[in-house]
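Student: Chains as they are written, first to last, in the working numbering: chain A, 1 to 420; chain B, 1001 to 1248.
None of these hints come from the bench; they were simulated from the model. Hints are not guaranteed to be accurate.
[Said to hold, decoys possible] Which bits of chain A does chain B cover? Going by a derived footprint, with three or more residues having C-beta under 8 Å, they are: (1) 8 to 16; (2) 312 to 323.
[To be verified] Label-pair distances were calculated between CB atoms; the ranges are: (3) H1149/B to L367/A: 24 to 34 Å; (4) E316/A to H1149/B: 54 to 64 Å; (5) D1085/B to T382/A: 27 to 37 Å; (6) K15/A to A1206/B: 37 to 47 Å.
[Said to hold, decoys possible] A short, non-exhaustive set of chain B residues, derived as facing chain A with CB atoms under 7 Å: (7) F1035; (8) N1058; (9) G1061; (10) A1084; (11) I1104; (12) L1115; (13) G1195; (14) F1225; (15) C1232.
Since we're looking at a predicted model, the values are computed, not measured. In this text, a Cβ means the ideal position worked out from N, Cα and C, and glycines have one as well.
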Amino acid sequence: MTLIQLILKSILNRKFTVSLTVLTIALSVTLLLGVERLRTESRTSFANTLSGTDLVVGARSGAIQLLLYSIFRMGDATNNVSWQSYQTIINDPRVAWAVPLTLGDSHHGFRVMGTTVSYFTHYRYGGDHALRFTSGAPFSQLYDAVLGSDVAATLGYTLGEEIVIAHGSGNMTLFKHDNKPFTVVGILAKTGTPVDQTVHVTLEGIEAIHVDWQSGSRPLPGLEVSAQQAAQRDLTPRSITAILLGVKAKTTTFKLQRFINEYPQEPLLAILPGVALQALWEMIGVAERALIAISLFVVMVGLTSMVAIIITSLGERRREMAILRSVGARPAHIILLIVGESFALALSGALFGVLLLYALLLVAQPLMAAQLGIYIAIGWPTSAEWQLLGAVLGAGLGVGFVPAYRAYRYSLADGMTIRL
Amino acid sequence: MNIKMMHQSNMAIAINNLEFSWSKEDPPTLLIDNFQVSSGERVFIKGPSGSGKSTLLNLLGGVMTPQRGEIRVLNRVINHLRGADRDTFRADHIGFIFQMFNLIPYLSVVENVLLPLYFSAARRNRVLQRGTALQEATRLLAHLDLDEHELQQRAVTALSTGQQQRVAAARALIGAPEIIIADEPTSSLDADRRGAFIQLLVNECATAGSTLLFVSHDSSLESAFDRTITLCQLNRAASRKQLASIGA
């Protein structure tokens, strides 16, 4: 008979209340670790919204603003990048590839983005994932469109669908480019990035639907240019909204960035997307910090209820303490007995909590990947998770001293006298 | 002088000028000028509730310490020992049996009997010289008429009160401590079981050579013991209180 056996037998004797306590702790631990894992994964996923792109270039504004409108399709560009500047940049020897982006129109609230076929080869997200087509292929004709997965799912579009693009952004646009419809030729797989909510068309397509428009308003009757006529014209854009750049050698990134930022002909801004994404996450990451704080509180509630339950049980266990004292137990043994119980409960709570987390992850992983595009790796707990688990166990051990001290006081007062 | 020392060394318990009170403001609960029990003696201590019985037992067990005087157990002044040493001393040399609910409810019969061996290396070694701890527990239980194997594995809460008290006796006796202190161990038993229990206890103490202190308010049990001490007379604090209540 060791003290550990004594502790375990005593716990098993109170299976029901103890298992409820363990369940409370387990659930709180699952919540804590779940939130921790989710926030790490979503931060990684967010930071990986755009990867493989070394610089994002737009008209001079703020780094976050540029990131928001070019990558997240939020808000509008204050200014454009002229076609000449674009040509200069893509002909720079340090540039490996460049993808132009043109924004401004929408379709049923989804942003329409003009770009080139190279977008589908160079856009990378979530580490090194390339865009993948669930059906169809990249555009080849002037009036072809490729839909993000959310667009197709929400609007119920399939290949061959003809869509009309509205002028301007937002759901309540007054003017539609209804004489030049686009045909859906491809639908992209879920990425968990803003790509899912984007309608991709050709850069020239965007130019074509605006060819007869004068200073942003609909052509007057009789001055309209048909889709076929438009296709005959020179559709080289005068300006674009932003450029995604890849460099040949990473070491030249900063030099190229400075070159673009100091470009004399036009005020331009080049940003490192990773840095801007981090800065943006710092701004919107308040929620995740609030979540982790809440789950820490839930763990504290779990441990507090454990202390309450142990203290309640002490009343019934005073006799047990007196018996142990009479057979030679020291007050230190009594303290160890109670602290040991508290630790054992916290330990089994943590253990069950981790098991529950992994069970949930196994169920949720495919759903999360399909619905949200967030891929949660099921691996060993990360060092941050080990630290949280350690903190839970440490707290379990620490709070055990509260009932232990009470039991110690009781046993000093009672001695071997068994009070009923 | 020599004779007195010889005499002292044969004493299991010797109390001198003892004074104990719960706090400084309270009047003393226990005032004992002189009380001695020889080694191997079987003493009946008659003490109704309020005579300071529990206090005396806690003092003998070293769970509490007196404000004044000395308590000598097996020639050690235990009230001068450190707390942890008093606990070890109790575990090594004294076996206790209480009135009722003596057993740890979540341990089996045998585990309850073996419990003191965990806290006392001396008693463990004494048992291991003769065989295994389990053998000794089984032997003691058999001596106390609890020799069915099934009974020994049963949860203690499933035992009758009489059986529980015999398990408690086996636990007090295991490892042959020099002193057995029984506090009203028979008060929850039927009259006819009482005698049998005391007989078993007395026999076991005789076999092990243990000194037996048997506390009860029931004078009809006196006959099985070498001598009777009335705690109310021994404890001046209690007799004073008694006189006061008579005076009122």
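Student: Run every hint past the structure and note whether it holds.
Tutor: Against the structure, the hints come out as follows:
1. 8 to 16: holds (count 4)
2. 312 to 323: Result for this restraint: holds, n = 3.
3. H1149/B to L367/A: 24 to 34 Å: violated (56 Å)
4. E316/A to H1149/B: 54 to 64 Å: violated (30 Å)
5. D1085/B to T382/A: 27 to 37 Å: violated (49 Å)
6. K15/A to A1206/B: 37 to 47 Å: holds (43 Å)
7. F1035: Hint on F1035/B: violated, closest Cβ of chain A at ~19 Å, above 7 Å.
8. N1058: holds (4 Å)
9. G1061: holds (5 Å)
10. A1084: holds (6 Å)
11. I1104: Cβ of I1104/B sits 6 Å from chain A, so the hint holds.
12. L1115: holds (5 Å)
13. G1195: With a closest approach of 24 Å, the G1195/B hint is violated.
14. F1225: violated (22 Å)
15. C1232: violated (19 Å)
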